[in-house]
Amino acid sequence: MSDYRIQGATGEWEVVIGLEVHAQVTSNAKLFSGAATAFGAEPNTQVSLVDAAMPGMLPVPNRQCIRQAVRTGMAIDAQINKWSRFDRKNYFYADLPQGYQISQLYHPIVGEGQIEIVLDEKNPDSSTKVIGVERIHVEQDAGKLMHDQHPTSSYVDLNRSGVALMEIVSKPDMRSPAEAGAYLSKLRTILRYVGSCDGNMDQGSMRADVNVSVRKPGEEFGTRTETKNVNSVRFVMAVVEHEANRQVDVLEAGGKIVQETRLYDPDRNETRSMRSKEDAHDYRYFPDPDLLPLVLDDVFLDECRASLPELPDVKRKRYEQALGLSAYNAATLTADADTARWFETLVAEAARIQGKSESDVAKASANWLLSELYGALNRLGKTLETSPVGPTDGAELLALVADGTISGTIAKQVFEIMLETGDKPGKIVEEKGLKQTSDTGAIEAAVATVLANNADKVEQYRGGKEALFGFFVGQTMKAMQGKANPQVVNELVKKALAG
Amino acid sequence: MTNLTDLTVAEIRDGFRAGDFSAREVAEGFNANVAAAKALNAFIVETPDKALEAADAADRAKAAGETPGALAGVPIGMKDLFCTKGVQTTAASHMLEGFVPTYESTVSGKLWAAGAGMLGKLNLDQFAMGSSNETSYFGNVISPWKRGGGDNAALAPGGSSGGSSSAISARLCPAATGTDTGGSIRQPAAFTGISGIKPTYGRCSRWGIVAFASSLDQAGPMARTVRDNAILLEVMSGFDPKDSTSLDLPVPQWEANLSSDLKGKTVGIPKEYRPDGLNAEISAMWDRGIEWLKDAGANVVEVSLPHTQYALPTYYIIAPAEASSNLARYDGVRYGQRDLPDGAGLQDMYAATRAAGFGPEVKRRIMIGTYVLSAGFYDAYYTQAQKVRALIARDFELAFEKCDLLLTPTAPSSSFALGEKQADPLAMYLNDVFTVPASLAGLPAMAVPGGLDAAGLPIGLQVIGKALDEQTVLNASLAIEERSGFTARPDKWW
Amino acid sequence: MKQVEPSASGEAMSIDLQTVKKIASLSRISVTDAEAQAMVPELNNILGWVEQLGEVDVTGIEPMTAVIPNVQRLREDVVTDGNVRELVLANAPQAEHGFFAVPKVIE
Numbered sequence: 001m002s003d004y005r006i007q008g009a010t011g012e013w014e015v016v017i018g019l020e021v022h023a024q025v026t027s028n029a030k031l032f033s034g035a036a037t038a039f040g041a042e043p044n045t046q047v048s049l050v051d052a053a054m055p056g057m058l059p060v061p062n063r064q065c066i067r068q069a070v071r072t073g074m075a076i077d078a079q080i081n082k083w084s085r086f087d088r089k090n091y092f093y094a095d096l097p098q099g100y101q102i103s104q105l106y107h108p109i110v111g112e113g114q115i116e117i118v119l120d121e122k123n124p125d126s127s128t129k130v131i132g133v134e135r136i137h138v139e140q141d142a143g144k145l146m147h148d149q150h151p152t153s154s155y156v157d158l159n160r161s162g163v164a165l166m167e168i169v170s171k172p173d174m175r176s177p178a179e180a181g182a183y184l185s186k187l188r189t190i191l192r193y194v195g196s197c198d199g200n201m202d203q204g205s206m207r208a209d210v211n212v213s214v215r216k217p218g219e220e221f222g223t224r225t226e227t228k229n230v231n232s233v234r235f236v237m238a239v240v241e242h243e244a245n246r247q248v249d250v251l252e253a254g255g256k257i258v259q260e261t262r263l264y265d266p267d268r269n270e271t272r273s274m275r276s277k278e279d280a281h282d283y284r285y286f287p288d289p290d291l292l293p294l295v296l297d298d299v300f301l302d303e304c305r306a307s308l309p310e311l312p313d314v315k316r317k318r319y320e321q322a323l324g325l326s327a328y329n330a331a332t333l334t335a336d337a338d339t340a341r342w343f344e345t346l347v348a349e350a351a352r353i354q355g356k357s358e359s360d361v362a363k364a365s366a367n368w369l370l371s372e373l374y375g376a377l378n379r380l381g382k383t384l385e386t387s388p389v390g391p392t393d394g395a396e397l398l399a400l401v402a403d404g405t406i407s408g409t410i411a412k413q414v415f416e417i418m419l420e421t422g423d424k425p426g427k428i429v430e431e432k433g434l435k436q437t438s439d440t441g442a443i444e445a446a447v448a449t450v451l452a453n454n455a456d457k458v459e460q461y462r463g464g465k466e467a468l469f470g471f472f473v474g475q476t477m478k479a480m481q482g483k484a485n486p487q488v489v490n491e492l493v494k495k496a497l498a499g
Numbered sequence: 001m002t003n004l005t006d007l008t009v010a011e012i013r014d015g016f017r018a019g020d021f022s023a024r025e026v027a028e029g030f031n032a033n034v035a036a037a038k039a040l041n042a043f044i045v046e047t048p049d050k051a052l053e054a055a056d057a058a059d060r061a062k063a064a065g066e067t068p069g070a071l072a073g074v075p076i077g078m079k080d081l082f083c084t085k086g087v088q089t090t091a092a093s094h095m096l097e098g099f100v101p102t103y104e105s106t107v108s109g110k111l112w113a114a115g116a117g118m119l120g121k122l123n124l125d126q127f128a129m130g131s132s133n134e135t136s137y138f139g140n141v142i143s144p145w146k147r148g149g150g151d152n153a154a155l156a157p158g159g160s161s162g163g164s165s166s167a168i169s170a171r172l173c174p175a176a177t178g179t180d181t182g183g184s185i186r187q188p189a190a191f192t193g194i195s196g197i198k199p200t201y202g203r204c205s206r207w208g209i210v211a212f213a214s215s216l217d218q219a220g221p222m223a224r225t226v227r228d229n230a231i232l233l234e235v236m237s238g239f240d241p242k243d244s245t246s247l248d249l250p251v252p253q254w255e256a257n258l259s260s261d262l263k264g265k266t267v268g269i270p271k272e273y274r275p276d277g278l279n280a281e282i283s284a285m286w287d288r289g290i291e292w293l294k295d296a297g298a299n300v301v302e303v304s305l306p307h308t309q310y311a312l313p314t315y316y317i318i319a320p321a322e323a324s325s326n327l328a329r330y331d332g333v334r335y336g337q338r339d340l341p342d343g344a345g346l347q348d349m350y351a352a353t354r355a356a357g358f359g360p361e362v363k364r365r366i367m368i369g370t371y372v373l374s375a376g377f378y379d380a381y382y383t384q385a386q387k388v389r390a391l392i393a394r395d396f397e398l399a400f401e402k403c404d405l406l407l408t409p410t411a412p413s414s415s416f417a418l419g420e421k422q423a424d425p426l427a428m429y430l431n432d433v434f435t436v437p438a439s440l441a442g443l444p445a446m447a448v449p450g451g452l453d454a455a456g457l458p459i460g461l462q463v464i465g466k467a468l469d470e471q472t473v474l475n476a477s478l479a480i481e482e483r484s485g486f487t488a489r490p491d492k493w494w
Numbered sequence: 001m002k003q004v005e006p007s008a009s010g011e012a013m014s015i016d017l018q019t020v021k022k023i024a025s026l027s028r029i030s031v032t033d034a035e036a037q038a039m040v041p042e043l044n045n046i047l048g049w050v051e052q053l054g055e056v057d058v059t060g061i062e063p064m065t066a067v068i069p070n071v072q073r074l075r076e077d078v079v080t081d082g083n084v085r086e087l088v089l090a091n092a093p094q095a096e097h098g099f100f101a102v103p104k105v106i107e
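Protein chains in written order, with the working numbering: chain V, 1 to 499; chain D, 1 to 494; chain E, 1 to 107.
What the hints contain is simulated information worked out from the structure, not anything from laboratory work. Incorrect hints may appear among the rest.
Result set (DSSO-like, lysine-lysine): computed pairs, CA atoms no more than 27 angstroms apart in a straight line [claimed, not checked]:
1. E:K104 x V:K144
2. V:K129 x V:K256
3. E:K21 x V:K89
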């Protein structure tokens, strides 16, 4: 779908990208021990003797971590392997107490799947592309090393040690920074929908190893580099762009790309080679003899499948087709599971209060959410999660407009007060006397006063300056303190001027 | 009055319950024997106070009329591979010198809960790697046995549970724990004229036992009689949710079901266990064993275990591979020794710590294991070995279609002199030729003494059973025990 | 010291000094040249001996995965452990401010 090309001195280059995403599995306890996973605890307090690899300690896997990986696999239409097992990846490092990481090399729990990406969500005609997922496996996270606490020592905190990760490995199917960014965003959306990872990249719950190579279009894959631990969508796109250009420069200068691990420096926006320890990279994988084959039965798989929520692609189509939303609104509202959940509560409540079907109230609800509410939240520096106005109150406000109790203009005022006080819209309308009136007598009196006070303008209007009509309406509304039914005001002003 | 330290576990248990003697008297007797046997070097740490503490608790409970635990009043030795809370646990390695666990292994915990008391932590081959107890950082264990004819050579008690075997045969403890990875309970039992059983893999929890080779390690008891082994095994066994490989099965009443009547049982004699050049006395003992089992009512048939010759090489790929990984955690960061040369970085510290902490045999096995798992060799060595292992297990399955148990020698020779085989690791490895196949297949197997050879040293027999059929193994061993009339004990010289 | 030579059968030794040093390095065990040299014949003997497994016909045989046929049990997702920092650090050669300390690592 994209014809992203790098223009080199020797012609065009195509970039080939694969992502290995590490996603922290949402669970209470660690993958192989009963210690907690919560973020930000005091050092080494969320560590069991198993996590510290004391002599004789043994791993027992957490059902929920396995379940989350399976549910994630199901959400990307992947093959679920009913027989899998854990392998040890052996290497020495201070954040790895056992001297090996328990992972899955030979028999991962999830096989091939796919993720559909849309390059430009704002453009309903933007084409889609399916990115292949090679596999998902479950493994342990490592601990954390701190280098800045002591002049000659590094400090080791094992709180993270043993937390469950899913490694989601894409196929080398992406061809531009935008595709890589769209893939990562979409993957994060799916994980959040499924609830298998919170997707908080700034807390390290999700990080990507970015594999990049370049080639002349149509030729074989080039040698790739892997840039480790990139922790935002924007950085992933920057890494691809930088690394692809660097590789083109190297190749065109007659050099060779070395298969190596690189690090991204966001401050300088460049990648650099990690001091090569290639000789040390012999991980001696073998099946973990402390663990048995993981065999999933149909009851387990059925429960996993039944527990899946409506997924973003299905939801987006439903919003468009059943609720009649625009492609853009549907895409925006479904991009994030929390937003969709908020929106659906809003629509359900609005339909209930108004006694209408959801499709009747969906459009107005979407518009209000995306313009009024988002505008206010942006202004206040808040998010849906911290919004002072909840979906139930929002629905009540929409209903007040829909049944003519207040005008759209008054609704904006009421909404401002709701944001400030947290009061219910009905109460605000009641207390402030904001109910709109259709009392023709009162409006006629107001119109008469406005016309009398502006005799000159009435003269001009009648002389053909019809643009002044809006002025009379505005003055009347002002005199009615905005509470007059605008339609009635229109009619009565027209009638009086025709007078 | 009988010497309390000559009693079996069953006799101590029953005598204590009957009020013939107090638990404290028993503990004091064994404490004295332990204290007087430094020459054997069977213990790394002696814990006389622990033994007395448990004995006093048993005496108090009895006085209060409480139902005694299965091992109330019985002091035992604990192989120093079991982590014991508050008591140094070293695996006989300098690497763990000074390591004091803050936790208790499942198996040792079960024994204490049943009322047993701890006499001390028993010496062993370093990280359980060895067949003569010569690889301990804390010195060789000496067998209490001597060859006849005034030969004063110090003999090997077998390994790796050499402290256990030496201590039991010298009456320093009535029973002890062992662990068996390729024969580490059975071979030392055979060398010292005692019994020991390695149960089915998964019967005893591995939680809290310093790991050597996870897919092979299995705890088991060692004692002088088959009955004593049954008593201890019942206490040591049982499901442990903390060990993924633990079998979730009830523990049978092995002691209550002991019977030496083997009518209706068929004994298989694997022909591959009688290679050319098999020691004549071992061969003759085997023949005697066959006659004893026939006498007990069993049928005897010849069976074939065609992949037997490949068991040892298979073992010497799989066990070192697992060990190379299991022992990676000994890095000087969280416990144990740390060797930090001036200006050393992290990786230098690892290399220095492990060079200083591990003994030569441990290093050798880690290096073999590292090599066979390394890039380009994994399939040729490790995968091939796991396939051959599957064939070895299948050999047993097929044989067990024709018989209920197997009878074989335990070791290819009686005990040898310390230092005799040290120069050639391979010659040492061959000691496990008869014990390793059952380990690879996870089967229950027991060593039981048969008699003495011409040099006056014990030689034994091995009974191998079907998975989970410890009862038949114990019963056949009991039949041998009753018929061999083995009562020999080493003359006290220590 | 024993001379390292091809075995009598004329087969070349499969491991040389450099390989021994590489394995030692992978194993994080420092060895002197003399130690490494001594290990060459030792390891070759053992590896030469285990290589006889290559002659076994394993066609159609799956590698053993569980010694006693059994599958993995799973734990419930409940926090049952942790908050034992004193126990975790109790045996540490160097522990400071609730951390394990190691020589400074330059990444």
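Item to check | List of violated hint numbers, smallest to largest | outcome: Number 2 only.
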